[in-house]
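Colleague: Sequence:
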Amino acid sequence: MAGRASTSCWLAQAVRRELSRLGGLVGAERAEEVLASRLQRRIDRQAPTTVASLQGWLLIRGLPQKPGCWSHLCDDGVRVDTGASCDSCACLVGDRRARRASMAANVAAQHPGLAREERRAEVERQLQDLVAQQAAAALVRRERTAKEHVVLVEAVQRRREALAAAETERAASPCTDCGIADAGGLCLTCSNRRHTAATVAKAVDLIVALRAELDDQSALTALTDQVERDTWTLITEVCAREGAADEACRAYAERLTAEKLLNQRRQAALTHLESSAPAEAEAEHAYRTALRKASQWPPGPKDRKEAKAAGAKARTRAARQLLDDFLTDLYRARVHSKADPPRASWRERCAELAARPIGEPVSNRGRIPVGAL
Numbered sequence: 001m002a003g004r005a006s007t008s009c010w011l012a013q014a015v016r017r018e019l020s021r022l023g024g025l026v027g028a029e030r031a032e033e034v035l036a037s038r039l040q041r042r043i044d045r046q047a048p049t050t051v052a053s054l055q056g057w058l059l060i061r062g063l064p065q066k067p068g069c070w071s072h073l074c075d076d077g078v079r080v081d082t083g084a085s086c087d088s089c090a091c092l093v094g095d096r097r098a099r100r101a102s103m104a105a106n107v108a109a110q111h112p113g114l115a116r117e118e119r120r121a122e123v124e125r126q127l128q129d130l131v132a133q134q135a136a137a138a139l140v141r142r143e144r145t146a147k148e149h150v151v152l153v154e155a156v157q158r159r160r161e162a163l164a165a166a167e168t169e170r171a172a173s174p175c176t177d178c179g180i181a182d183a184g185g186l187c188l189t190c191s192n193r194r195h196t197a198a199t200v201a202k203a204v205d206l207i208v209a210l211r212a213e214l215d216d217q218s219a220l221t222a223l224t225d226q227v228e229r230d231t232w233t234l235i236t237e238v239c240a241r242e243g244a245a246d247e248a249c250r251a252y253a254e255r256l257t258a259e260k261l262l263n264q265r266r267q268a269a270l271t272h273l274e275s276s277a278p279a280e281a282e283a284e285h286a287y288r289t290a291l292r293k294a295s296q297w298p299p300g301p302k303d304r305k306e307a308k309a310a311g312a313k314a315r316t317r318a319a320r321q322l323l324d325d326f327l328t329d330l331y332r333a334r335v336h337s338k339a340d341p342p343r344a345s346w347r348e349r350c351a352e353l354a355a356r357p358i359g360e361p362v363s364n365r366g367r368i369p370v371g372a373l
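In the numbering used here, the protein residues as written are 1 to 373.
In case anyone wonders, no lab produced these hints; they're calculated from the structure.
Just so we're clear, the structure is a prediction, and the values are computed from it rather than from any experiment.
Among the hints, erroneous ones may be present.
[What the hints assert, rightly or not] Using C-beta positions, here's what the derived DEER-type ranges look like:
1. K308 - D215: 36 to 46 Å
2. Q110 - D87: 28 to 38 Å
3. E29 - S71: 18 to 28 Å
4. R17 - S37: 16 to 26 Å
[Claimed, not checked] Here are the simulated DSS-like cross-link-like pairs (lysine-lysine), alpha carbons at most 27 Å apart as the crow flies:
5. K260 - K313
6. K293 - K305
7. K313 - K302
8. K202 - K260
9. K293 - K308
10. K293 - K313
11. K313 - K202
Each residue gets a CB set at the ideal place from its N, CA and C atoms; glycine is no exception.
Taking the hints into account, I'd like the entire structure generated from these sequences.
Modeller: Below, the structure written as structure tokens:
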């Protein structure tokens, strides 16, 4: 009894595996139906021969899918998804028939005097030779593919080993900021500090972009420095009140504080820009456009509510666009200031010109243009 119970459990597991596989092809709800039709079809083909061993028949003939072509949906020439005949198998059968007909025509043209039986035997012989040639070519292709696969596997293994060695070397490298060993190039504390510095720079830009006069580079630089000092002072005071125990905790607390401050300043900037004239005009335009598209006239309460929602979305969208434009102008002004370094004063330039010897030849090519002074 124990042996029969274990055999039943084993067969049940095999059936569940096949049902799971079929579920990936036709869906879990149709897997049982497809498997039942397969078993019934193969039992009908086997009739009147009875099944001597249920276990062997299920594992070898009943459960496995046996595609007759390249399609993964083919099962004994029947599609598992629709239950109809497999078109790919029909195409293969048509190719074989066309090949046989072409071979028969060639044999008839080459040997017109052969009798019918001899001609049929010659066609079969040539077909067998062709099939043998194709099998040999397929074997060569498989061997070549196997060799290429071995080469590919070896290359992948070498690549993995190289990546593992590089990762080990990187993990053993010291921190580039503080020099601590085995930090992977950057320890957690320094990583938090870098992230905090980048976040503070973004928070500073939000304030400077809305307040600075971009035409005055000195005023822009002074305002940026002042806002940056105030921002760092605020972050330091907040972290000091929290009382971070060690340096790593302090760096992490500064990172969280900087991220929170950035979000607050961004929200405050958007709220300020939403009340600006361009945002109000955009909201009013969206509101009136939504009212004109209302289903009835005059618009009802539902239409006005939808129009107000469209106006609010347009106001928020305009505020975000305005903030992006302000930040873009700020970045462009900074790039121009770096590209055009400040010129020396007139006193310094005159002193440099006065230091030149009087007898130095001056040509039109060597003269300094007036606009360059």
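Colleague: For the pair supplied as a hint, K260 and K313, is the alpha-carbon distance within the 27 Å limit?
Modeller: 25 Å, holds
Colleague: Just to be careful, I want the Cα atoms of K293 and K313 compared with a cutoff of 27 Å; is the pair within it?
Modeller: 17 Å, holds
Colleague: Straight-line Cα separation of K293 and K308 no greater than 27 Å?
Modeller: 13 Å, holds
Colleague: Please check whether E29 and S71 have a Cβ separation lying inside 18 to 28 Å.
Modeller: 22 Å Cβ-Cβ, so the 18 to 28 Å window holds.
Colleague: Against the range 36 to 46 Å, how does the distance between the Cβ atoms of K308 and D215 compare: consistent or not?
Modeller: Holds: the Cβ-Cβ distance is about 39 Å, inside 36 to 46 Å.
Colleague: Need the status of pair K293, K305: alpha-carbon distance at most 27 Å?
Modeller: It holds: about 13 Å lies between the C-alpha atoms, which stays within 27 Å.
Colleague: With a cut-off of 27 Å on the C-alpha distance, tell me whether K313 and K202 pass.
Modeller: 25 Å, holds
Colleague: Note whether the CB distance of Q110 and D87 lies within 28 to 38 Å or breaks it.
Modeller: 34 Å, holds
Colleague: Do R17 and S37 keep their Cβ atoms within the hinted range of 16 to 26 Å?
Modeller: 18 Å, holds
Colleague: Take the C-alpha atoms of K202 and K260, compute the straight-line distance between them, and say whether it is at most 27 Å.
Modeller: 12 Å, holds
Colleague: Below or equal to 27 Å on CA atoms is what counts here, so check K313 against K302.
Modeller: Cα-Cα ~17 Å, so holds.
In this structure, every one of the numbered hints holds.
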